[in-house]
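J.: Each chain is listed here by its residues.
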Amino acid sequence: MPAVSRLAADSLRVYVMTALLALALMPESEVAAQNASGAQANAAPQDPAGEWHMQARDFANTRYSTLNQINLDTVKRLRVAWTFSDGAAYGHEGAPLVVDSMMYVVAPFPDVAYALDLSKPGSPIKWTYSPDPSPLAIGKACCDAVIRGWAYANGKLIYNLLDDHTVAVDVKTGKEVWRTKMGNVENGETMTMSPFVVGNKVFVGNSGGELGKIGWLAALDVDTGKELWRAYSAGSDQLVKIGEDFKPYYAWMRGKDLGVSTWPADMWKTAGGAAWGWISYDPDLNLLYYGTANPSPRVPVQRPGLNLWTSSIFARDPSTGAAKWAYSFTPHDQWDYDGVNENVLLDLTIAGRSRKVLVQFNRNAYAYTIDRETGEVLVAAPFAYQNWSSGFDMTTGMAIVRPDKEPKPNVKLPNVCPPDIGGKDWQPSAFSPKTGLLYAGIFNICMDVTDHRQSYIPGAPYDGMEMTRQAGPGDHWGEFMAWDPATGKKIWAINEKFMTMSGALATAGDVVFYGTVDGWFRAVNDRTGKVLWSQKLGSGITAAPMTYLGPDGRQYVAVYAGVGGGAMVSKAMPGFPPRGSTLYVFSIDGDSVATGLEMPTTEAMGTSKQNDSSQTGRQ
Amino acid sequence: MEPNSSHRTRIAFGVIAFGLALVVSACKPQGANSSSPARALPPEGELAAVPLGDIAGAAKLRAVDEVANPLDGNASAIADGHRLFIAMNCAGCHGYDAKGGMGPNLTDAYWRYGGTPSGIYNSIYEGRPQGMPAWGRALPAQDIWKLVAYLQTLGGAVAANEYHAGLQGDHDLTSTAAEAKSLLGVFDNPSGTTALMGGQESAPSTPAPPPQHP
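Protein chains in written order, with our numbering: chain P, 297 to 915; chain H, 220 to 433.
So here's chain P without its partners, still in its complex pose (with noise of 0.2 Å):
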């Protein structure tokens, strides 16, 4: 892999727009305070500033804080205030939750749960609580054991087991309130996708694309776990939940059962469209949205059709789970590009209009700005390198396909840009208003790529795709850039040698923070994209960053360092790293609760003992 080994003397480079040279050479806190595109959003549910409830803070997915004693001028004073180590040896993905003075951590597999008091120095654990899933899981889930997040409601902490069920933990007790089976992990079906709660109904989603299960989400009563409705990602209308509200922006996308006619003769039961993502909701509108993953088998000539409902995204009814529109981003998807990453909800002006959009960095390396009560596409503009299309049509909402990009069985098809992984994961951006503009870890990455027919086997994987990955132009595997979603534009980028894969964190101090894959945590002035701070960790950083307000009045950072999933497709890169399962906490200074507490007083031995050769067995 030579583009690997050239790597080794890239430094970390800056690249800085040239409208924003000049800001960048201004002071700090010099710069002026401005939103670059408009954008704004909705702070709903309003928890409560200085607490983190859901995975990505709020409905509309900002990952924003509006903190800001950690800023442009103290962000330099970050030290280590406290950690913690839940020893389990899988992909970290999720950020911790903070409620009152109380911390809740979820593990990967065995994906044991733990309560951390943060009123109390070095923030010990209150309980612990032991799932004991079926070990089966380990082998059944595509991209390593993970769990990529947890959820806070009505006093239970409530995630999703990788044997395919979803538990509620009592946050006062530690005790299990209620399990739900979801499916059958025999046949391939894992969960490790955060729940989503809106008033009293969770919403979780399978994982299994890979090994041909169909994807859905289901709503789940936040009290007793009882499942109150189920939407299919292929099948007839009624699986789908497809009605008469049902009104998708492309003429395309409407029809009866499209779920089953632009598929083979059943090959809609083994669809795949795993709905392993984020939820995101907006609670004026009373629409849920998410995406569903790749079509199954990954091998396109089985299937020949558009595949809906897989690549796509769903707005959905969260009463009754009934379809208002949906949208696919890569109908008949060839290269695994999925459609499961973020949307995030934004109220921003396009052409003199005022809208309100969702944005999400497909894994095709498109940026999508969508009309989220329409479904229709705004802005559509590539944010990674890519060369499977060769533009984009507006009026159809489409991608346009290269035929010479197109797989076909044992074939080696060299050079596909992004590769199955993405020009950007699961892994989640970041929005602050006081910017206007997104912060998201993206990739740079190729492929090669051999199809190889595949026959259905439950249980088994139901994929083909004989893959190498390499560097795409530039030779870094990473990227952090900031992304203006009015304009398509990308503001500035910093270019990392490694996969950057951790989520974003936004704040109100003028700083954003990100990590890469081999350990560095950084935090950045949200304008000029100049790094401020890095500090390096124990292990790769696929983790989404948080930030809390402690019962002691400071603001603290939180990441975990724990590599693993998608991140292992680099693994084979010199000076990847190994394995880690430590939650690092922040603060300026690295003052906490801990700081001036007397410590441990030692006992000094008195010089009669130390001579008394009888104590010391010295004849």
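These aren't lab readings, by the way, just hints derived from the structure by calculation. It should be emphasised that the depicted structure is a prediction, and the values quoted were computed from it without experimental measurement. C-beta: ideal position from N, C-alpha, C; glycine also. You can take every hint at face value.
Heads up, simulated DSSO-like pairs for lysine-lysine below, C-alpha to C-alpha not over 27 Å straight-line:
1. P:K730 <-> P:K826
2. P:K652 <-> P:K786
3. P:K497 <-> P:K522
4. P:K497 <-> P:K477
5. H:K318 <-> P:K867
6. H:K318 <-> P:K708
7. H:K318 <-> P:K704
8. P:K543 <-> P:K652
9. P:K477 <-> P:K537
Some, not all, of what chain P presents toward chain H, calculated at C-beta under 8 Å:
10. P431
11. L432
12. I434
13. K436
14. A437
15. C438
16. H748
17. Q750
18. S751
19. I753
20. G755
21. P757
22. D759
23. E762
Some chain P residues flagged as far from chain H (calculated, every beta-carbon gap over 10 Å):
24. A804
25. S830
26. P847
Add chain H to chain P, keeping to what the hints say.
T.: Below, chain H without anything else, positioned relative to chain P:
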């Protein structure tokens, strides 16, 4: 295993097996299985007696525990095994290069359930608890041995007569220090445990008495 239930399950896999038979038979050169002498397959179910761990009381291995792959080194069997590895979706978990993914790397010397031919056969036949399906009811024994023959060419497998060496972590017997060999010879044989090299013949079939304290 009950032969009838096995038969029924195989019919359920008819489509796959039929397609597979076409793939495999179409590619098989006639009379090509001559690179090693033909050996009879061990009776089905026999290999279930091969232990996964060490043997309590240092009892002797039986002949079946050291059974070699009847298709070991057979060029056409290895080619068929490679095709099966892709066709039966093994590559989906273990990687097209067999270097691991959802499932473990099969090219290195780390074997959770044993790396001898019989150990690998049993893992394929019985399945394993962390997601490895049991293929014994879907694939005939001949095909499983072909898969084993292919995996044996990838560099990590343990030879049939090196069962104990594999358990003791001796990945490359030729590099074992002469001093270590002599020490093992001194310490293993008197205590009744099986020696690394050629000590199996002298191992007692009953546990040695516990050492007496003076």
